[in-house]
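Protein chains: 2
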Amino acid sequence: MGQVIGAKEKETSTYLKAYPMKSIGDVEKVKEDLKHNSIVIVRITPLAQKSLEELKKAVEELYEYAEGMGGDIARLGEERIVITPPNVKIWRALTQ
Amino acid sequence: MGQVIGAKEKETSTYLKAYPMKSIGDVEKVKEDLKHNSIVIVRITPLAQKSLEELKKAVEELYEYAEGMGGDIARLGEERIVITPPNVKIWRALTQ
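Chains as they are written, first to last, in my numbering: chain Y, 23 to 118; chain P, 23 to 118.
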């Protein structure tokens, strides 16, 4: 079985998905993608323009979820957030 | 040996690095990171403000390099480019 798993891991590559977050309901979509080992870059501006309260809630939920699953999360500029599954770490430079 | 490789793959996780591209010389840094299996998100605005010709050259070089190594490359908004090593595919949605 060990070798089979190894072969499978090579076949199924990780996906990087980028999409906008339009409502708090999109949090479930992000969680689903993370569960399937995808890296997600969400553009938060559509939700920010709609409701800052919903945005805050969505971001908090994503932080908790990423931490809970052993993944990682970080801001990417003003408009985006990157969330990674456990096998991908976000590298934090000393100087940006 | 098969099992040992499997174990190693689990240990060495992929890194996602985000940094600005300030000169065409930074292309080498990106290539080096890709070679080490990192995902790179470069902010191209600093180079765009310096020289559009250098930017064009840098982006062309990155496209060629990504394609040559079996990786992937895509724009991320107006300011950034994502480049991935062969094990990470960029998912392109039908609707953005």
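Bear in mind the hints are in silico, worked out from the structure with no lab data behind them.
Remember, predicted model here, so these are calculated numbers, not experimental data.
Any given hint could be a false lead.
Chain copies aren't distinguished; within one or between two, either way the pair holds.
Calculated lysine to any residue pairs in the SDA-like style (CA-CA distance at most 20 Å, straight line) [unchecked claim]:
id, residue 1, residue 2
1, Lys57, Arg114
2, Lys39, Ser60
3, Lys51, Trp113
4, Lys53, Ala96
5, Lys79, Ala115
6, Lys72, Glu54
7, Lys51, Arg114
8, Lys72, Ser60
9, Lys57, Ile112
10, Lys79, Pro108
11, Lys39, Arg97
12, Lys57, Thr67
13, Lys53, Arg65
14, Lys111, Ser60
15, Lys57, Ala115
16, Lys79, Tyr37
17, Lys79, Trp113
18, Lys57, Glu101
19, Lys53, Arg114
20, Lys78, Ser35
21, Lys53, Ala115
22, Lys78, Arg97
23, Lys44, Lys78
24, Lys51, Ala115
25, Lys78, Gly90
26, Lys78, Asn109
27, Lys78, Ser60
28, Lys39, Lys111
Quick check: which numbered hints come out false for this structure? 5, 6, 8, 10, 12, 16, 17, 18, 20, 26, 27
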